Amino acid sequence: DTEVTQTPKHLVMGMTNKKSLKCEQHMGHRAMYWYKQKAKKPPELMFVYSYEKLSINESVPSRFSPECPNSSLLNLHLHALQPEDSALYLCASSQLRGIDYTGELFFGEGSRLTVL
Amino acid sequence: DAKTTQPPSMDCAEGRAANLPCNHSTISGNEYVYWYRQIHSQGPQYIIHGLKNNETNEMASLIITEDRKSSTLILPHATLRDTAVYYCIVIQGAQKLVFGQGTRLTINP
Chain D
1 DTEVTQTPKH
11 LVMGMTNKKS
21 LKCEQHMGHR
31 AMYWYKQKAK
41 KPPELMFVYS
51 YEKLSINESV
61 PSRFSPECPN
71 SSLLNLHLHA
81 LQPEDSALYL
91 CASSQLRGID
101 YTGELFFGEG
111 SRLTVL
Chain Z
1001 DAKTTQPPSM
1011 DCAEGRAANL
1021 PCNHSTISGN
1031 EYVYWYRQIH
1041 SQGPQYIIHG
1051 LKNNETNEMA
1061 SLIITEDRKS
1071 STLILPHATL
1081 RDTAVYYCIV
1091 IQGAQKLVFG
1101 QGTRLTINP
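Residue numbers (my numbering), protein chains in the order written: chain D, 1 to 116; chain Z, 1001 to 1109.
No lab work stands behind these hints: they were computed from the structure.
DSSO-like, lysine-lysine: derived pairs with alpha carbons at most 27 Å apart:
no., chain 1, residue 1, chain 2, residue 2
1, D, Lys22, Z, Lys1096
2, Z, Lys1003, D, Lys41
3, Z, Lys1096, D, Lys40
4, D, Lys38, Z, Lys1096
5, Z, Lys1003, D, Lys40
Residues of chain D placed beyond 12 Å of chain Z at every Cβ, according to the derived structure:
no., residue
6, Thr16
7, Ser20
8, Lys53
9, Pro61
10, Pro69
11, Asn70
12, Thr114
In this text the structure is predicted, and so the values were computed from the model without any measurement.
C-beta: ideal position from N, C-alpha, C; glycine also.
If we strip away everything but chain Z, and leave its shape as in the complex, we get (with noise of 0.2 Å):
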């Protein structure tokens, strides 16, 4: 079953930053958030992970939630190369990295 719930579509301007949800109200303490996009075509992508704080690296912010329940995954100015499918992942330790549907994210123009 999977650990995260997140909307299937989501569309933003180019230029704009793009935020995209996912929840997670069953993570456990010592469970990690990790972020992945797969572009049309190509192997999937890590862009960034966390446990309780904030992150930031220079593909996207983190955003994750007191409770740890949520996080937003934030990419500050869109382009349209970031038109990918985005998945919100939740491991741990010996987990296995399981791909729950993702969200499509569309840049337009």
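So here's chain D without its partners, still in its complex pose (with noise of 0.2 Å):
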């Protein structure tokens, strides 16, 4: 199994909501990542988690909160979004040699979010 799963597909909130984007895998890897991207632009990076640890933040606003509840599971848990926060979220996974990240990242297709 080489997939990374992202549900749901697609999210329609309003600036009030709460909602939360899921992420999982079976490979086995310990590194698992949030990605953000706006239209026509490349992937951004929000978050990495090691081994169920928050390992960078991107200096990301606190309405994104990131939960990794174990080695398989990643949430990001949305609070008070705005319109700009539209975009789509890519989760993805690596393994992980000691400390350092491989770079090869197995990447889902994504949660297309649109914040009214």
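Please dock the two separately framed chains into a single complex, following the hints provided.
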């Protein structure tokens, strides 16, 4: 199984809503990532988890709250978002060699978020 | 700051080899060159990576110059399904995978 599964594929939410994006992998990868991608732009790194602990936060606003409940799951909790947060949110996973990330990331298909 | 420079767009005829260049003149000795592609509305897909030697897999070949300051990704027999944005990324160990602007490759019938 070399898949990273993201749900939901599409999400529409209001600025006062609370919602979550979910990501799952069963490849035994111990690094998991959230990227944000706006239209016609490259993916931008948001968060990295290593061994279920947050290792990188790219100064992401607190209205985005990541969670890694176990080695297979990664969540992104959303609260009080703004319309400019509308984007494709991509989850990825990779192996770790000690503390080093390997550069071969497996990406999911993404969750397309629209904030009204 | 981006460590790589790629042309913004390229065209290639179906069935021909597509050669995508990447400049990485500031690459350090322990940094790898990775290539990804992103087909429209899909997540990025790993293609290939290398350190010094040329590499080949079922998807593509990677040619790295002897001074390691540039590389070329070769898709030997391009098909319409190879139309995508191709990203060249330089990374080492604990560094973050940061995407540059990439090259938008269009395969024409």
